[in-house]
Every structure is written in structure tokens, then in C-alpha cells.
Amino acid sequence: EDGVAKADTSQKRIGFSNSYAGNSFRQVMVKSWQDVATQARKDRLIGDSPVVSANNSVTEQAAHIQNMILQGYDAIVILAASDTALNGVVKQACDAGIVVVSFAGIVTQPCAYQVNYDWASYGKQEIDYVAQRLKGKGNLLEIRGIAGDSTDRDISAGIHKALKNYPDLKIVGMVYGQWTAAVAQKEVAGLIPSLPQVDAVVDQGGDGYGAARAFEASGRPMPIIVMGNRQDELAWWKQQHTQKQYETFSISATPSISQVAFWVAQQILAGRKVPKYVEVPLLRIDARDRDAWLADTPAGGVANPFYTQGLVVSIIDANAHRKPLPAIPAPK
Amino acid sequence: MLDPAAFVHRPGSVRAEHLSAALPAFALAVMLGIIFWIQPRALSYFGINLLLNLSVPLILAAMAQMLIISLGDIDLSIGSFVGFVTCVVAVFLASAPLLAAAILLAAIGVYAGTAMLIFYRSLPSIVVTLGMSFVWLGLSLLILPSPGGLAPDWLTGLLDAKPPLLPLPVWIAVLAAACGHWAVMRSSYGVVLRGAGANPKAVARSGWSLVRVRVVVYAAAGCLAVLAGIVLSAITTSGDPNVAPAYTLLSIGAVILGGGSFTGGIISPVGVVIGAMTFSLAASLLSFLQLPPVWQTGAQGAILFLVLAGRVLVQGRKP
Amino acid sequence: MTCAAPFSPRSLDRGPLTVSNVRQHFGAVQALAGIDFSVAPGEVVGLVGHNGAGKSTLMHILAGTLQRDSGTLSISGEEISGRYDPCAANARGIRCVFQELSLCQNLDLVENTRIAHPGLRGFGWRKRAAQLIREQLDAVFPGHGMALDAVVGKLPIGQRQMAEIARAYTVTSEPLRFVILDEPTSSLGHHAARQALDFVAASARRGVAAILISHRLEDILRICGRVVVMVDGRIVANRPTEGLSRDGIVALMGHLQAEPRSRPEAIRAQPAAAPVRKLSGADSRDHPIEVYQGEIVGLAGLDGHGQRECLRRLHAASMKRRRSGPPVAYVAGDRQAEGLFPLWSITKNLSIGCLKALRRNALICAAAEASLAREWVATMGLKTAGIDLPVLSLSGGNQQKLLFARALASRAELVFLDDPLRGVDVGTKQSVYRHIRQEADKGRSFVWYTSEVGELTNCDRVYVFREQRVVAVLTGSAITEASIIDLSFRGRG
Amino acid sequence: MKRAGLPGWCQPWMFSFVAAALMGLISAAWSGRGGAEILSVALAFSVFSVLVGTGQMLVIASGPGNIDLSVPAVITLSAYLSMGMMQGNDALVAAGFALALAVGLLAGVLNFLSILALRLPPLIATLAWSFMFQSVAMHVGAEATVKPPALLAALTVQRVAGVQVLVVITVLVSVLVAVLLNRSISGRHLLATGQSAAAARLTGIPIHRVRLAAYAACGAFSGVTGFLLAGFTGGAALNMGDAYLMEAIAVVVIGGTSVAGGQANAIGIWGAALFLNLLASMLNTVRVEAPVRLILTGLIIILVLPVATRPARA
Ligand SMILES: Nc1ncnc2c1ncn2[C@@H]1O[C@H](COP(=O)(O)OP(=O)(O)OP(=O)(O)O)[C@@H](O)[C@H]1O
Ligand SMILES: Nc1ncnc2c1ncn2[C@@H]1O[C@H](COP(=O)(O)OP(=O)(O)OP(=O)(O)O)[C@@H](O)[C@H]1O
Ligand SMILES: [Mg+2]
Ligand SMILES: [Mg+2]
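Residue numbers (the numbering used here), protein chains in the order written: chain H, 1 to 332; chain A, 1001 to 1319; chain G, 2001 to 2493; chain F, 3001 to 3314.
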């Protein structure tokens, strides 16, 4: 069963329903999809594979999915605006015999395949790193994402669970940064004056640079800010490192997870048996790989590995056999 | 209150007026035509059902917004209120139906209370409802910290009904338009409502209690919004605090698109229903057109322009 | 549904409507300083007084739309002690036609009738309401030709006024005993005004009393048995009209006698000079309208025969050529819809017409603005407690004077008058006529549309309209009320 | 007309400053430190709300129904175009500013022309344009944030003698707008048009040109905001404008401008912007959970502000 399924999928159509395209991360994600889809079409691995983005509106996305059902797609890949609100339409799609793959933020409807990160481990890795650097004692600022979002809930739960192991790490402040540098900067800047010394900032990606700017403006000593793989974060980290020996690490989801979902859908259509839940490794960048990733990431963009069919199949294999996930190789 | 420029006497032809009233309907028909042409499969009982069932909650929300706009007010909280209702439905309706009903009734009461607050303190509704939007979002997060819950099966089943002749969403749209038209345009109390929106002083001088009119209107709007939330949670089978923030703007847009005006008293329930369907179809038309992702957003704008550009043709250059 | 207080109409047998020692003040302004006043059933009482005398304020108190500061009110022998609001007034048979019209512009006449009658509901209400208002309109204004299903905002102000008068006399469940008419004929043409007055008089004979407020003293003399004169919030005279003349009332109001009208015999404009504005007629057989410098041109005719549209077209044409032609100004008679800036003070409402002249170094000079306002308030005799008060605190007639002042204060050489003296008191009218004449002598030209035929005798030339075209041109001493009325009915032939 | 119980100089909108101060005091008292710092941060961020609010105010004041929903998209678009043009080059900062301004002006003009020519309700027209502007922004390179030149980034946080330059300039702009509204011919024309378009037209005011100017000014303010915001937050990002849709409207209304048009208050916007900023940081400071935080935000906006500001109607 393992390995690449080879059945002919050149006439199959995969629709991608994306909940939101209004930030750079999502733009890269859509672009990654288009890149891999174009390539796959050249290789006669797929037929048509269009993208439709909704405006962060569940109802709009649900309408898009319903239209895809109407148009008779073979598979629908979903980046969902809500992990439960699409259940109704996903069920309709499954009932119509369509393969549904949701990724990065799941759809709880059991008939859908899920391609996702272990969000809790995101938080755990942050806390473990910070605890090791601070020798288990210090003040933390937590930057969360959007209230009511399941990803935000899962990462934060991971952070708080990991914190139980370090009783002397204390969260002294918490803001919602909406995964946006500008918002994070504003919220953090407004909070800093009323905080005691902050030793580390744990966040959810996309907000590290904003926090750094807020701390810079406040004139406070710079805490350890966990970065989120954005080019500006890596560049800032590198510059701080050269100037002041600043150390941190960077972790985040990768936009190209859309490619993983693409290949998973393609493989299912090709007849491969795939587990209902496929975990994808988070991209963690430590000091030694920083410069390589930085060089590979376009200015203002996000570190974004390219997932080949082979790499994705090995991820599927690892999931099927509960083996450790393959590491994402750093760029040369 | 009224922009008098809109009322300067100009003997305009009645035909042009009727034509412009029919425009949104025409635009909607054209849009449907394009969709059926691109995707003939959509032209079936099943297809139309799929195409239109998500416009049902928007129609209800837009009718609620219409009532508020008819008073010259505006409701910026309707999106988060609908989200709140879906949470209540998903969390409580199956396990504790009485509690759910009580909460929803209380929520309608809050709507009515908002009306009184706005009236007695003569506050701008825009600020009060903006504040309420935070309150509703907060309350829904309190009930349901992250999306989940499950709408009861009987509710989900209700929306799967297959009435004869036309699919359920079409029936509901027609019914909503007819009831709305009767209640607001034909019934004797609807007259008072529209009068109070345009010239509250005159209505008060005739002995009507303005505060009562407002309370009734807000409570009715609350009921419709509750219905919208219930239907939405039936479609999505779950609750989500952030399910419908877009409804705030969409519902306002639908009212205006349907021929309503912010100046109060000028509304058209039939137009609103069509406006709401237009908005929800405009978004899904995109998924048929297969545009490059970057231009999908812009295309929605272009569709809006095309839908409305006909007004110039019908009414001539001068307003 | 609306009227909470149950009230049995049987308790009011025919007793009078009486107020005693009623006082009302707005901030520092004492609008009513102790009024004693009474109307018997079936009586028609005229209420006159200068602009800002407090007439409308008194009517608002009677109609329940304003809560009096002090004083007692009794209706048909019943002392009103508790809350008195429009509902209570309605239940006791009191109706009001307000000076600032109170129809809902977005509704049609049938629906506006419904607003006035809580009882018009249930199945078939629309039919009943339509019948009610149609019958009433036919009764008051036979041959009115109004469409019941037209939105009120689309009706010209005259028709709106007609509709409101008719609506006040419709009856459903509540009785009809006293009708308050606050300047009901101010926008009505000659013919419609007569119809309205005759109807009021006829209704009085059937027992419906009326209080008629008007600045058209002929109206008062025509139908009122008694006249009450107010000056500065007090009643200064209360006597039968029997044996009273127009000048007599004017004297009671404390105004000077109207001077005998003097007017230059010849047309002042030399036909040799080019007209400052010319508008060709509807077709080749129609008469073109010409306005020469320093001339007062009147547009006459029965209401709705095209004279107001002609004024509008002339104005629009002048606005189009704003840069080449002479500067123009417009005095709107429909002050609420087309004249006032309701959020502004008196000063700002006045200065908006001549901001350029008030500019010092790019900014408007506050001192110059204030002195301009003070100057015109004095010139026009505007009754107000301060120039920085909101414009809506002015009485109706004073608002109209303000619009007039705005036009005259501007550097306009051509001024369009759209029934500009709606609701202006007699004394002020005389002074406005004088102003117009003075300004014309200085070289300004006026185009004047009015619903009051008498006013047109102040013109140098009058175009008489019938069925959208000019049927006659009168000049100099040929301009008399009788000849205008005659021509408007008959046309040329 | 005058409100009972308030002295003449005391206007309702002034309470937004009082409420803002209250929020700041609570934060300072709770954490026991940093009153001045809290204020300074709030001022720095209020700049952007005030700029977009001022533009929106001009549009809202131009008459009932007038509103510009394209503000967020214009912010984003002008930020992308100007940052893209400057490419981090310090020498081009002035040119970038001019470009942002021009983009904003053009956007405003497009907004109004479509309202006029197609006779659209402003809400729909500006919404439709905002979709298009957003698409153009995505098209010009939205897969990345575009960095500002170092000079611009430095200018936006520049302090002279401890005072933020940008704040001072914006205050001056607000004062200028306030003066122009009350004491210039254009200002009077705008307010007159907003109160009664028919009366304004008969008075000889070119109401179309007045409204065109209002929309263009709103676009210009948004464009400049995009330019400065990109400098301040370290780059043009696709969703940078989103937060300013509701904020631009809220600060205008809370600041004492009437949504019915014809009346505007440029200074009140500062009070409203400070209030909203300090309210958010106060709630962050006292550390309540997200749901409670939202509920409190709403209740405070509804109750504290307007109720403190206006006695019941007469
Ligand atoms: N709401 C108000 N606020 C302040 N002053 C007012 C208000 N209403 C009326 N007044 C003042 O009260 C006085 C009486 O006004 P009222 O309207 O009763 O006059 P009027 O006799 O009806 O005049 P007109 O013939 O011009 O209609 C005027 O001086 C007016 O300025
Ligand atoms: N009868 C009318 N009633 C109401 N509004 C009208 C009427 N006629 C025209 N308008 C509107 O009034 C406005 C002013 O028109 P006008 O031509 O006087 O000004 P403008 O075009 O802005 O000036 P300019 O040509 O000098 O730029 C326009 O919006 C026009 O559509
Ligand atoms: Mg009066
Ligand atoms: Mg023009």
C-alpha cells in the first residue's frame, strides 16, 4: 500500500476553497497551490484545479463549496473559516461522493480528511525553548491570535499545558494580536507601560516583528521573542544577533501546507489509502539554519518549503505507520 | 431627517419609477442566467436548492436590518448577534430547549431595550449598536469559547425539506418578500412605522408613541435576526461566534441595493429580499467564473457596479 | 392602540375651549406672558399678531405638542390637570393644521390619513382611508385633481397644505370639535384659499369651531366672527370683526397704516437695453419672459398653471451661466425643504449667501459676520433673542424674513422670489415691499412668484399664466388684482 | 437647543477626553506605573485613527447617506504602491508621500464619480471600489510585506524634546481642519450641503464639487495614513487597513459628528481615538478574559461615553 499511487488522475478536478486571501501568508499559500497545480498538470497528474477565496466569511465559503459540488469536482480541498460551521456543506459534498480534504484548521465533520499541524506542540516548543533559556524562571507575555478561533485555542492550550512543568514561568500579560504585525504592535505597545519586566514573548506567528517594534519603541530591554518564520522577523533576528548577540528561535506553519493537501487529495483520487488524519511537521528554524532560510525567503515573505509529491507521500506513510515525521530539509 | 433634495417636485414618468424598482430583480435574473449558462447542472431542483439555501439567513438578517434602517437608524451589531444566536442554538437547543428559548427571548428583549436607550438618551444608533456588537461577540465566546456544539437534528432536518414545485429557499424568499411587503408596506401599523422613520415629529403629533414604535421595530428586528441565526445554525449544523460578521455589511448593502435609504422611512421589503439574494449570489458567481485568485475580490466590486449601473439607463442622467 | 387614556366623548357636551393665564418661555424668551383665551363651539376666531408674537406657541399648547409652563386649560368644561398630549387633544376633538406642515413625505395621502387616525386599521383600512380623504378633499377643494397614491414629498407645497387641511376635517372614531389652523392658506393660491376658508366657515355652522391664524387679514375678515390680536406674547385686543376693517386690525397689531401704494407709471426698463435675463416660451406662440435691469417682474396665474416652474427654469438657466451672467439669489417659500440650514445659527444662515465679502485673509471674519447679521436683523426687524441662537428658534415668519435678508445681503443682481412672504406679518410685508422697491431702484432685478395676488401690484410687469403658457403681459397701472384674476381665469380670449 | 445643566462652553463631545483620561488613569492605577508612557503610546497610535477619522468625517458631514467604506482598501493600496515605488530608498520618501497622496485622491475621485455617474448609493459604490482597490493591492505584490525606507520608519517615531513629531503635526492638521470647517468658505459650503442639499443648491453652492472635494479629501487622508502606517509598523501588509473600517466611523461619531450630515467636529475625533486606544490598553492591563473584555468594551462604549455626554432630551 505504501508509496506513490499511480492510477491515472489526469482528468480529475480538485477545487480549492480558501476562506480568506487578505494577508500575505494566505497569498503565498494560494500561490504555492497554483505552483504545484501547474506543475502537476504539466506532469499529467491532474486536470483542473482552481482556487476560490472567500472574504473570511463562513457563509460565503459554504456557498463556494456548494457551487463546487454543483460543478461536480472530484475532490474539494478546504482551508476552512470555521472548524464546525462548514460541516453541513462538507457532509453534502461527501454524500455526493466527493473527496474532501481540509487542512490547517480542520473541519470536524468525520467524512473529511484532515491535513494539519499538531498545534499544541507549537506552544510546547515555545515554552520549552523559553524555559531552557530563562532557566525556568521569568515573566512572559503571551500574544494570542483571534478570540474564538480553534487554532488560537489549540496553540494557547499547548502553551498553558507546557507551563505546568515550569512553575516559575509566569504569564504577566496577554493580548490578541490577530496574527498581524501591525495589530500586535499596537496591542503590545499599549500594554508594555503597565507591565513589569518581560523576559520572553510567546506568540502564534506573524506577530513577532510587531512585538519587537513595540519593545524597541518603549526603550525596555528586549525580551526573547519567539519568531514566526517571516522574512522580516528572521532579518531582524539576524541583525540583532550580529549587533547584540540576540538569540531566539522561529517556528510556524508554512503556507505551502496547501501543497501537502493537494498531494493528499491527488493520492486519494489515485487510489491510495490515506489515514483520515495526516499530521504535517511544523517548520522550526534554529540559529544554525536561520541564514539559509533567510537567503531562501523573498523580502517581506514567509519561509516556505516546496512539498514534492515524494515528500508528501513519505509524510502520509509516516502517519499511516505512526512513525516520526520526516524533517523538512533546510534550503542549501 | 429627510434629505429634501430627494423630494423636490419633478414630474417623473411613472414608468421609469416602476422600471427602476424592477431593476434589482432583473439584475438577479441576469446573474442566475449566467450561472445556469456556465453550469447547466445548477438549473435543477437540487441545483437551485444548493445555490440559494445560504441566502436564506441573509434574507432574514437583511429584513431585520431593513426594519432598523426604516427608522433612520442602523444596526452594526446584527452580524455578531446572528453569531450569538448560532452559539445558543448549538449549545443549548438540543440539551435544554427551554433555556435556549429563554436566552433568545431575553436577547430580543435586549434589542428592545437598546431601542429605548437610543430613544431616551437620543444617542446615535451607530455607536450603540457598535458597542452591542462587542457585547454579543463576548457573550457568544462565553457560551462557546471556540466553534462547536451541534444543532439539533430536527432543526437540520427542517431545512432539508423538499416542498413541491420549487426548492425550499425559493419558497422562503417568496414568503419573506410577501410577508415583509404586507407587514411594512400594506398593513396599517407598517404605515406608522415608515412615517415614524421619515418624520417622527409628525407621527408624534398625531398621538403615536414614538418609543413604542421603536421598541416594536427593534423587537421585530431582533426576532428576525434570531430566525436568521437559527436557520444559519441549521445549515452549518453548529455554532460559531465568528460565523457571520460579514452579515452586518451585507445586510446593510442588501437594504440599500433593494432601494432603501438611510434617511428613514424609505424601504422596500421585496427589494431587500432580492438585494440579499443578489449579494449572496454575487459571491458565488465567482466560483463559477474561475477568475485568477487575485482578481476575485475585485470582481465582486465589478459585479456590484454592473448590477446597479442599469439605474442610469432606466432613470436617465439626472437624479 | 396609541391613546392609553380612556376617554368618553359623551362627557363633553358643547362647552368652550378655554385657557387662562398660560405662560411659556424658551430660555430667556417669554413666548407667552399670561394668555386668557376662549373659543365657543361653532365659533371661528381669528388670531393675528406680528411674527413671533406667540401664536404658534399657543396653538402647540392647545394641540398638546408643547407642555405649558403654567396656566390652566379646560375643554368643554373639563379642567385638564394631568398629562395633556396630542392623544388627549385628539380624544377631545381638537385637531391642528400646523404652520410647519406635518405630513410624512415618504407616504401617500391615504397613508398620511391613516397616521392621523388610530382607528383606521384592520382589514380594508386602506379602502376606508382612501374614501375618507377623497371625500374630504372633494368637499373642501372641489376639482382639486390630486392623486391619492402619489408620495407626499412629490407634491408641491400648496397641495400638501390642501391635503393637510382636508385631513384635519376627517372624522373616524374621535369627535371633531375644534380645529386649529395655523396659517393654512399661506401657500394656497387665490382659488384654493377661498375654498378652504369657505369650508371652514361652513363647518363652523355645523358646530366645528375653528381658530384661524393668518397674516392675510382678508381671510380673517372673511370668515371670523371675532378677532384676537397678540403682541409679544400677550393678547392686546379681543373683539368682534363686525365693523372692523383691514386697517383697523393692522392698527390693533400696533403697526403703521399701510401707505398708499405709489408706483412709477411707466416701465422703468428702457426697451433699448438688453434684458438681463430672457427665457423663451414653451413654443413659438408662447410669450418669452424678459427681465430688465432694475425691474420687478411678477409671475401670476391660478395655482399650478406653470408660473412656479417658469421661475425654477429661469433660475436654473441663470445658475448654469453662473460665471458669465449676473450673480443670482433665490428666496425659497418652502423654507423647511429648500431654505434653511437647520443646524446653524441665525448668523450662519444669513452669511452663507455672501461669504466672499466677509473674507479676510482667506478666512471668514467672525466680527464682520456678526455685524452683518446684526445689521440685517435690525433692518428686517427680525424678532430674536440673539443672533447666535439656532435658526429653528425663530418663528415661522421670522425664518422667512431671514431668507429674504440672505438674498438681499448677497451681491446678487437678479433675485428670484418663490412666494417669499409666506407667513410674514402685514407690517413686515410693507417693509419688505419697500425694500424690494429700493433695491430695484438701485439696479437689482426681481422675478417674483407669489400665491397672493395682491402682492403682484408691487411689480413693474406681470406675466399671467394659464395652462403652462403666458396669456397676457400687464404693465404699470394695468396691474390690478382684478385684472390679474380676470386674466388668469379667462386667458387672452 | 442648549442642553440643560451644561455651561455654554461645555460641549458633549468633550466628555470623550474625560472618558479617555479615565481609562488612562485606571490603567496607571492598576499597574501602579507608567501614566505618561501610557498616554504617549496612545497618542502615537491615535494619530492613524485621527487621520482616517478626519477624512471620513468630511464625507459623513457632506450629507445623509454619505460614507466611505473604501478607507481600509485605500490605506493598503497606497501603502503598497508607495512602498513599492520607494523600494526602501531614503531619497524617494518625498516622492512616495506624493504618490500615496495621489493614489488617495484618485481613489476618492473615483468613488464620487461613480456615485454621481451611476447614481449609486455611496455605501455600495465605495464598497465596490474597496473590493477593486483590494484586488489591485494584491496584484501589485501582496505575497510579501514591503519594507519602508529607514528614513520614513525613523520619521514616524521621531521625537523632539520628548514630543512625538507625528503627533504634533496631526494635532495641527486637526486644528487646521476645525478652523477651515468653521471659518472658510469651503468649510461652510460642505456643512451647508450636508444639512440640506436643496437649500445649498439654491444658495448657489456647487454641491457636486463640494462632495467631490469631501471624497477626494477622505481618499487623501487614507492614502497618507497608509503611507505613515507602513512606515510606523514596518511595512505595507495586505490587511493593514482592516482595523480602520469601523474605527474610522466610530471615532467620527463618538467624537461628536452627526451621522445625519451637516455638522462636523474635528477636535472631538482626538478624544474618541484616545478613548478607544486607552480603553483597549486598559482592558489589556486589567487582564480579563477575551469574552469579558469584549463585553466590557461594548458596555463602556454604550454606557460610559454617550450617557455621560448627553442629558435626556428636553
Ligand atoms: N423652540 C424654541 N426655542 C426658542 N425660542 C422659541 C422656540 N419656539 C418659539 N420660540 C420663540 O417664541 C416666540 C414666539 O414664537 P411663535 O412661533 O409662537 O410665533 P408666531 O406668532 O407663530 O410667529 P409667526 O407669525 O412668525 O409664525 C418667538 O420669539 C420665537 O423665537
Ligand atoms: N430640481 C432639482 N432638485 C433637486 N436637485 C437638483 C435639481 N436639479 C438639479 N439638481 C441637483 O443639484 C445639484 C447641483 O447642480 P448644479 O449644476 O447647480 O451644481 P454643480 O454641477 O455642482 O455646479 P458646477 O457645474 O458649477 O460644478 C446637482 O446634483 C443636480 O443633480
Ligand atoms: Mg407661527
Ligand atoms: Mg453643473
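Don't read these hints as lab results, they were simulated from the structure. A hint or two may mislead.
[To be verified] With a cut-off of at most 16 Å between alpha-carbon atoms, the simulated EDC-like pairs for lysine to aspartate or glutamate come out as follows:
#  : chain 1 : residue 1 : chain 2 : residue 2
1  : G       : K2320     : G       : D2303
2  : H       : K124      : H       : D152
3  : H       : K164      : H       : E216
4  : A       : K1201     : G       : E2369
5  : G       : K2383     : G       : D2232
6  : H       : K332      : H       : D289
7  : H       : K170      : H       : E216
8  : A       : K1201     : G       : E2100
9  : H       : K323      : H       : D289
10 : H       : K238      : A       : D1160
11 : G       : K2127     : G       : D2149
12 : H       : K273      : A       : D1153
The structure displayed is predicted, hence computed values, not measured ones.
Numbered hints the structure breaks, given as an ascending list:
1, 3, 4, 7, 9, 10, 12
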